[in-house]
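Asker: Please arrange chains B and C on chain A, whose structure you already have, making use of the hints.
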Amino acid sequence: MTSNLPLAYLCLAAILFVIGGVGLLIRRNPLVMIMCVELMLNAVNLTFVTFGEMLNDISGQVIVFFVMVVAAAEVVVGLALVVAMSRRRPGANADDLRLLRG
Amino acid sequence: MVELLWLIPALPLAGFLVLLFLGKRIGEPFAGWLGTAMVGLSFVVALVVFAGLWNQPEHTYELTLFTWIPAGSFQVDIGFLLDPLSMAMVLFVTGIAALIHLYSIGYMHGDSRFPRFFTYLNLFVFSMLMLVLGDNLVLTFLGWEGVGACSYFLISFWFEKDENASAGKKAFITNRVGDWGFMVGTFVVFFALGTVKYTEFLPLAPGIAATTATFIALMLFIGAMGKSAQIPLFIWLPDAMAGPTPVSALIHAATMVTAGVYLMVRINPILAASASWLPWMIAIIGCATAFIAATIAIAQQDIKKVLAYSTVSQLGYMFLAVGVGGYSAAVFHMITHAFFKALMFLGAGSVIHGMHEEQDMRRMGALRKLMPVTAITFIVGWLAISGVPPFSGFWSKDDILAYALHKSPVLYVFGLITALMTAFYMSRLVFRVFYGDARWGESADAELANLDAHDLSATTDGHESDAAGDHSDAHADAGHAIHPHESPRTMLIPLVVLAFFAAIAGVMNLPFTENLEFLNRWLEPVVGANQAVLHLGGGQLAFELITSTIVALTGIALAYYVYLKKRIDARRIELPFFANGWYIDQGITAFMGGIGRKAFEMIALFDSVVIDGAVNGVGRATRGGAARLRNVQNGYVRWYALMIGVGAVFIVAFVLTQVNF
Amino acid sequence: METAVFVVCALVVLAGGLGVVVSRNPVHSALSLVATLFAIAVLFLNLGAQLLAVVQVIVYTGAIVVLILFVMMLLGIDQEEDLDEEPIVGQRIVAMLVGLVFLGAVLAVIIIGKESAVTGAESVTQAISPNVANVVQIGRELFTNYVFALEITAGLLTIAVVGAVVLARRPTDLQPIPEPESMTDQGDEPLTEPLRSSFRASNANPNDDASGEGSH
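Protein chains in written order, with the numbering used here: chain A, 1 to 102; chain B, 1 to 661; chain C, 1 to 216.
Some clues are possibly wrong.
Here are the simulated SDA-like cross-link-like pairs (lysine to any residue), alpha carbons at most 25 Å apart as the crow flies [as the list claims (entries may be wrong)]:
id, chain 1, residue 1, chain 2, residue 2
1, C, K114, A, L7
2, C, K114, A, N56
3, B, K169, B, P232
4, B, K161, B, N580
5, B, K161, B, H109
6, C, K114, C, F6
7, C, K114, B, L656
8, C, K114, B, Q658
9, B, K169, B, G146
10, C, K114, B, A648
11, C, K114, B, I651
12, C, K114, A, L55
Just so you know, these hints were derived from the structure itself, not from any lab.
If we strip away everything but chain A, and leave its shape as in the complex, we get (with noise of 0.2 Å):
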């Protein structure tokens, strides 16, 4: 643990989590928005892989095994619906799905 290169691992894992979150934020094809999802999902991983790394713990990469059946899981649901939006809507993006509003 002497090396700096762990704390180097949690800053990439955190500049990636903000490049997804904003991804996530700013882009309007909901495919992009999924795949911003998995960027973030991602970065988390990296991190608790880290984690585990720097605290000798084997739990770390249990944690990330169970995330990505999650994100397996999320992105089966999360495509699903983009099916089913794009039987009703051809061509809609995020934006168009306004019925949530005040």
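Answerer: Relative to chain A, chains B and C alone:
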């Protein structure tokens, strides 16, 4: 035997429920017989209970059925308080009600809503009994409102006619004013004494502050004024005559209108504890009511209106008695009045029935021969109310006047004048209905013409008898259209029974010796402590009795000269001012239509501007704020995600402030 | 060596990440994502998580990204997005701002706090053992300490599959999603108009009310 007490109100209630649900199926006349039987049984039970009450300590028995409203320290039971006062009330209420039920079977014969009439009557009797027997103010108020509602139903019983419907409304609304007083009085009783049960708060009365007692008594007196038709709330009672005559007899003469007197007698310890001006005020209001109503009664043409104003006047007497501390005299007069006034109303009903729904005295006359039973019983009632010894009214009225004299000679004199007028207008009624010429089927205009002719002939003196003869010929022609007939037996039996009691009820309380004052001694446990004490010497008693007799006979004689001998023009006495009831109705209408309406419109304006403004202002502010806040919810999912991000930044910023490195 | 691998991979990760966000064409985004995920898999290897690296390649790049590309192909929603246009006022700026502040805060914590930014003690019971294979160790953990979580995850996946089938099923009564109705002009109506009108109606005929008292 007193344990049967609960049966007394339960029987009319049962009758009410049965008639309510099965009345139409039972139909005429069995619905009437059922209602009568229930009230009659109730009377029998009351007699049994009465016998049992003799064995109770202080002649008082309390029965609590169940707790009605348990709310913290405020607890109201459905419980009955049977003491000499309520016993006396129960006896005459059920007794007279049973007779009037019987009478109604004949009177209401052929009415399309015959069963409903008895449904209401039974409900009325039940409510009245709750009023009288209730052991707390709230239960009394329940009965109070119940009888008010029944009164409303029954006044408007023939609601097809607008007048009847609005008469019912008038009674109801006027009574609301009084009910307000009753409610406020009840609240203050609870507030000041912590309970509304008579047996609990009345013994505390001597200990409370005079101001509180005065306020309670004043509020309850306002309630009594509404229910018992005292000035200025008496305006509803004459209009209440729109109802069927048995209703007038039962509710608006014998029982319900005496509820106010009952209430005043019931709370006599509070009256005693209040400031001394309050009994004076009650006495003056009672006296004024008696006097004014008597003057109005002199000038009325409608037979029932005369009796209505007479009732108001007699109720005034009772309040006079309450005001001067003669509680037992008030109850005494209440009972005798119930007998003779119910009798006279029923007699009037019989006349109206026989005359085919004719109520105007100008078109009656000489009915004595055609309706002998009605006439004889009515005459008994007349003598009773006029105060001719030895009929009951003489004794009870004299009792009141004795108490009035004890308090103040002025009240006594006004009482005597009222007694004179009472004798006068009742004689007028009797002479015009049962004696004199037969004027059936004539129009009222003909009567006026008759009077004009009579006026002319009086100036020329000698031709009077000829003129009268001509007129009677003319009447004979007109009279063929209507054939007055005697009423059926169901109507006559109550008349006879009531006439019997109206004649002899005076023996309840003869003033000659202590031993003969049965009612006084009977009521001793309830009112004895606060009753004014009379020490009548033999001479004073004789003076009063003789004066009363002379006054009564003078009134009758005057009426005889005016209406039978026609020595004096009746129009000099029947002033329009009296005929219009001192223009009180018109005054109220003018006030309500003018200043009152303006005031109400101001209040309405206040309501619509300030109250509604506040309410709508809150709504508008909410809506305006929401219209701006709504922009936050613009429907863009990405915007919502951004808001989550902003929130996350804030949370991170907060965490950073908490971390030390 | 480790540092060199990290630097290269980090550059690929960042470039890929930016590529995902800024590509107009979603297919390019997907390809950038593949690059990022691969680089992360290498970083996992670098951190000694061999199993995760393999699973990352197989599941993410092999399954998920392919799935996304399939959907694009099936629905034909690969038209280019106009990134210059932004319908929500301030969305982009605020998003950047939020991202920068967030990033600044996290980086500040990591750089200032150094090692102490990571709290917690070194593991004793679940320590990474150099003698046992990474796969074996993770497998043991999953089927001992995390067995319930594993079972629940299985349920989650099943539910996700069923949900996806239900959502993507072609509905019998297909209706286009309606445009949201315009709701801008609702805020200015008076609140009590019906009440007021009835009040006026009852007052409209004052003579009627007044005559009721006097008629008897």
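Asker: The structure should be examined with respect to each hint, and the outcome stated for every one.
Answerer: Results of checking the hints against the structure:
1. K114(C) / L7(A): holds (7 Å)
2. K114(C) / N56(A): holds (17 Å)
3. K169(B) / P232(B): holds (17 Å)
4. K161(B) / N580(B): Satisfied, since the Cα-Cα distance of roughly 22 Å is no more than 25 Å.
5. K161(B) / H109(B): holds (19 Å)
6. K114(C) / F6(C): Holds: K114(C) and F6(C) sit about 18 Å apart, inside 25 Å.
7. K114(C) / L656(B): holds (15 Å)
8. K114(C) / Q658(B): holds (17 Å)
9. K169(B) / G146(B): holds (15 Å)
10. K114(C) / A648(B): Given that 25 Å is the threshold and the Cα spacing comes to 23 Å, the pair holds.
11. K114(C) / I651(B): The given pair, whose Cα atoms are some 21 Å apart, holds under the 25 Å limit.
12. K114(C) / L55(A): Holds, at roughly 14 Å.
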